[in-house]
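Okay, here's what each chain looks like letter by letter:
Protein chains: 2
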Amino acid sequence: MDFTLEATDPTGARAGRLCLPHGEVLTPIFMPVGTQGAVKAMNTEDLPRIGAQIILGNAYHLYLRPGIDVIEKAGGLHRFMQWDRPILTDSGGFQIFSLAQFAKITEEGVEFQSHIDGSRHFMSPEKAMDVQRAIGADIMMCLDECTSYPVTHETAAKSMQMTLRWAARCKRRWEETRDGRQALFGIVQGSTFEDLRRESADATVALGFPGYAIGGVSVGESKDDMLLAVDRVAPRLPADAPRYLMGVGAPDDLVEAIARGIDMCDCVRPTRNARNGSLFTSHGKVNIKNARYRDDFNELDPAMPTPVSRRYSPAYLHHLFKAGEILALQLNTLHNLFFMLELAANCRRAILEGRFAEFRRAFLAAYRGTPRPADEGESPEESATRVD
Amino acid sequence: MDFTLEATDPTGARAGRLCLPHGEVLTPIFMPVGTQGAVKAMNTEDLPRIGAQIILGNAYHLYLRPGIDVIEKAGGLHRFMQWDRPILTDSGGFQIFSLAQFAKITEEGVEFQSHIDGSRHFMSPEKAMDVQRAIGADIMMCLDECTSYPVTHETAAKSMQMTLRWAARCKRRWEETRDGRQALFGIVQGSTFEDLRRESADATVALGFPGYAIGGVSVGESKDDMLLAVDRVAPRLPADAPRYLMGVGAPDDLVEAIARGIDMCDCVRPTRNARNGSLFTSHGKVNIKNARYRDDFNELDPAMPTPVSRRYSPAYLHHLFKAGEILALQLNTLHNLFFMLELAANCRRAILEGRFAEFRRAFLAAYRGTPRPADEGESPEESATRVD
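As given, the protein sequences belong to chains L and D, one line each in that order. Our numbering applies: residue 1 is where the first sequence begins, and numbers increase by one. Our numbering applies: residue 1 is where the second sequence begins, and numbers increase by one.
The shape of chain L in the complex, shown without the other chains (with noise of 0.2 Å):
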């Protein structure tokens, strides 16, 4: 892995490449989530057409179904999926707190419950990089224990410490079976304690990563919280390493955090959204199945027109939402997600061309501008958006 950055805004905001075997990634970017080996609802050979340049797997997920061995018998989730650029893994780490039926945390690992059939597991940091390294995925991720929210400071700096610990384990697992195709990256954690996140950032930093993740965020905290975080480890994080905010975001923390020095985000609420007929313009969020786009025969969004948005009228995508086509599941999917990918091209272009901060504010203001009356009554969205 070699990461170049090529231009630093006075915000913080990056622009940078990534090498990495499957291929470069321009960053700031977004990735999307294919958690079981799939991004949902999205034909993998789209994913190029809109943008995408790396996507997410988890680890947890692809160990219970289809399991290790089908992965490494199919070649690697690359082949299996037949997804030629960059994956990256999350160790699942976080899926095994928030999903699996019971998890009982030792010092050694976890062991855990499967979600699916109720089989019983155990995982430890040395097996999560065994997973990953059969996985085959260009960045892997360090086992870390992603405290809920809130949590007490004491429980959140055992936790911390611990993750630090594994990391350290992770490391040596990693680097005992290297074979310089597949980088690590570190997780710095810490909830929303500012000692504990400084703490935490410079023991990850000590141990030396290719590349550093801030995790525990986008776990329920306020968007000011996630932002805080972000404002607290940032600046102890190596300029020449990439940085990756888990879980995060919607359209203008995706924006936040790049003003922040952050490189690469992923999150499945676009993908999620999209479900639920909550598309993205750049006027926000708006709710497809509202009656007020019944006969609307306008342009979605000419402002950031997308590949649907400029092909389908909002009648029709209203019309395929109320009859509960899959169609729109799969339109509603290409539109969001070219939403993210664009957007995080355009932070780039604004910060290669010296005109972040103008773009950031121009951006927020009409993302945040008063909503359209009649797309108020949104439904409400689960906060954590690290559970596809």
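Everything labelled a hint here was simulated from the structure, so no lab data went into it. No incorrect hints appear here.
As the list makes no split between identical chains, a pair holds if one copy fits it or if it spans any two.
In silico EDC-like cross-links for lysine to aspartate or glutamate, where the CA-CA straight-line distance does not exceed 20 Å:
no., residue 1, residue 2
1, LYS322, ASP117
2, LYS289, ASP117
3, LYS285, ASP301
4, LYS322, ASP388
5, LYS73, ASP296
6, LYS322, GLU72
7, LYS289, ASP69
8, LYS158, GLU107
9, LYS73, GLU299
10, LYS73, ASP295
11, LYS322, ASP69
12, LYS127, ASP179
Please build the complex by placing chain D on the supplied structure of chain L, with the hints as guidance.
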């Protein structure tokens, strides 16, 4: 509409060209079903890529949702759904009788309650024409009464006679509103009764339509009875008009229908089977949910590869279905529709090259050969295949 017969095989199989306002259709053809203005789980942009030349819409469904006012405001169904090739609309008679909560038939027409919201509606032959005019399909269908199966001779006779009177009224309205762009097909009924099929065919032909459909099949009768109905009707239809067998069928039914002089078929079976994990192959249907596919990395069907089976392993398709991924529905649908469209294209080539009898024999022998043992446990399919 212009229909040119290019070749007729000794079996009765025909190859032709059907010129419609939105393009030329090479027959025999399978028509994917897009009931509500979308082919289920198919991106409309992908339809031409798999060889779709003409698709179906359903007047009953579109009349209820989104409503004819919306489709008119869109400028017709083609523009609404962004499909610029030919469309055929079923009148919705079959759906009124099979889906509506309540249907009261009189000579004047049929009063029914929407299956969506219980609202009351009235459909007459004239209104069926007006609705299909607004939709703007290249081919409209007469409003018919499709009897269920089994049915007494007396009921079938009465129903068939009324369908004839309705056909005369449909034709009159179609002529009064003629714009030269929308063709109208008559529908032959008569259930499984030879005399009624004969009478219905002759009287429908006497009324005179640009094309003729055989209705009242695929409603629960045996395959033999279905083909017998075709045997009885097809020879009575004018050779220079296209013949459309409604709601048929499975791959072997398609070949058998073509062998009997049918030019056009539609069926929800390929798309519905796909959503249930049942994939067409040259050796019969396979149930991709079956455990035997968990680690099967062989090509699913080298004898009849599809864009899906060439790219993805059975193991991956199995995984997607078991994991509940929407992509499973998308890929399975692409696979089955391609199979049907390619099968119709192969029939056409064989007819043009004078080798259809051999093609039919070889296809049916392989398709109906001994099923793979592990595929026996397939879920039974409903026999009525005109409801999507």
